[in-house]
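Given the coordinates of chain A, assemble chain B with the ligand onto it according to the supplied hints.
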Amino acid sequence: MCLGIPGQIIEFVHETNQIAKIDVNGVRRNVNVGLVLPDGLKVGDWVLVHVGFALSIIDEEEAARTLKFLESMGQEFKDELDELMASQIE
Amino acid sequence: MKFVDEFRRRDLVKKLQDQIAELSAGKQFKIMEVCGGHTHTIYKHGIEDILPSNIDLIHGPGCPVCVIPMGRIDDAIAIAKSPNVIFTTYGDMMRVPGSDGSLLDARAAGADVRFVYSPLDALKVARDNSDKEVVFFAIGFETTTPSTALTLKRAKDEGLTNFSIFCNHITIIPAIKAILDSPDLRLDGFIGPGHVSTIIGLRPYQFITQKYKKPIVAAGFEPLDVVQSIYMILKQIADGRCEVENQYKRVVREEGNIHGLRVMQETMELRPFFEWRGLGFINQSALKLRPEFEAWDAEVKFEIPGVRVADPKACQCGEVLKGVIKPWECRVFGTSCTPETPIGTCMVSSEGACAAYYNYGRFSMAAQRRNIQVSDIPVIGEQ
Ligand code: SF4
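Chains as they are written, first to last, in our numbering: chain A, 2 to 91; chain B, 780 to 1162.
Be aware that one or more of the hints could be misleading.
List time: in silico SDA-like cross-link candidates among lysine to any residue, alpha-carbon distance up to 25 Å [claimed, not checked]:
1) K1028/B to L38/A
2) K1028/B to A64/A
3) K903/B to H15/A
4) K932/B to G41/A
5) K69/A to L82/A
6) K69/A to K793/B
7) K1092/B to E1054/B
8) K823/B to L82/A
9) K1014/B to L966/B
10) K22/A to E937/B
11) K794/B to S73/A
12) K1067/B to I1037/B
13) K956/B to K903/B
14) K69/A to R1032/B
15) K935/B to A1074/B
16) K903/B to E16/A
Calculated directly from the structure, the hints in this document are not laboratory data.
Bound conformation, chain A alone (with noise of 0.2 Å):
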């Protein structure tokens, strides 16, 4: 759960709720996105996501980074997706 998970925003989907969905290698879920709304989110951008809240808007290379370093750890990032993908937000 301590894991910030690098995502990009495809889609807002719920404006009142700051629901977007997001794409986090390959796998699609919802995240809230209030906590980065302020900072002018917008579709395309990446964001660093713990327990489903985005919590800062990161650069494409932060991103790639971040995602090559989770893949490093094996098996507890493929514990942390497999959270993720389980995760049904609406």
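For chain B with the ligand alone, kept in the frame of chain A given last:
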């Protein structure tokens, strides 16, 4: 887009390694990494192996699973066993032992305990099960607190009355202060948390440099980040500086996430004190829901025992969490306490010092070095 390639990184690490050796020559340094994510990187990537032996990395209390006191696990289990309850939790908390088993054991005994990725998933469970009481076991530092806060606000907006939060959120600053005040430990500097700093920013760390005169560097989680922040700490000391520095500028902003801080403020307030495993009671170190959110507060909704439970005798997590002993110095490390059968919390989360060391560290060169040293010195009181 061009990404920094592995070669350049290896070069950088080598260069930093030499600079660290030069800056630290002839002196002993104790540097604490506050955050469990850093502990994990340090062991997994063998950072200790590339540091000179006069630099000692001390693992701090920044693993939320590790510092939760046993009594709160018992409270969680009591709620989970209440009639008509679905108890939701992050997967990491499932195996943490309470005084009579874990949440996993409670589930095996018939309680409806489910793990969720996000508090918003717990909210969905509540929406889908309107005839049940759904409780979310909220834990973590400032990284996860805003998520709980936003979930809470949404539950209120939606008028979801069958949802509540068992709030165990803690704050990192009082824990760092408790460590600085502890007479057991003399530290030379801190590797500051990365993601927590995304929320709280850098200002709250100023007391560390101003009052305690210790440098702190907020750091990222890659091996290079950790090595670089160690270099930055040593450089500050060598230059006679003492500052809050930001190695993780890629993600952490000086002012933090103002919106996150605001929603925490709106929904939660400080508890007068809270128990931390190993560190005891620390004043104003945890959060509870504000009275306006009472209807979503599991501590109000349910009868909970609220009893303080002492750690098992064999467990030395307290000393590990304060950095007084190293994981392998615990009497039960790797024998009766393993990730499969944890006795203490530090063996449960992969960010706990004991689990990280058990999984990776014991195969490192640094461990071999240590074994040789350990066998040379008889340990008093050990049979
Ligand atoms: S080995 Fe187990 S009991 Fe000992 S300090 Fe580590 S987690 Fe705690």
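Status of each hint after checking the structure:
{"no.": "1", "hint": "K1028/B to L38/A", "result": "20 Å, holds"}
{"no.": "2", "hint": "K1028/B to A64/A", "result": "14 Å, holds"}
{"no.": "3", "hint": "K903/B to H15/A", "result": "15 Å, holds"}
{"no.": "4", "hint": "K932/B to G41/A", "result": "22 Å, holds"}
{"no.": "5", "hint": "K69/A to L82/A", "result": "14 Å, holds"}
{"no.": "6", "hint": "K69/A to K793/B", "result": "21 Å, holds"}
{"no.": "7", "hint": "K1092/B to E1054/B", "result": "18 Å, holds"}
{"no.": "8", "hint": "K823/B to L82/A", "result": "19 Å, holds"}
{"no.": "9", "hint": "K1014/B to L966/B", "result": "16 Å, holds"}
{"no.": "10", "hint": "K22/A to E937/B", "result": "21 Å, holds"}
{"no.": "11", "hint": "K794/B to S73/A", "result": "23 Å, holds"}
{"no.": "12", "hint": "K1067/B to I1037/B", "result": "20 Å, holds"}
{"no.": "13", "hint": "K956/B to K903/B", "result": "38 Å, violated"}
{"no.": "14", "hint": "K69/A to R1032/B", "result": "23 Å, holds"}
{"no.": "15", "hint": "K935/B to A1074/B", "result": "9 Å, holds"}
{"no.": "16", "hint": "K903/B to E16/A", "result": "18 Å, holds"}
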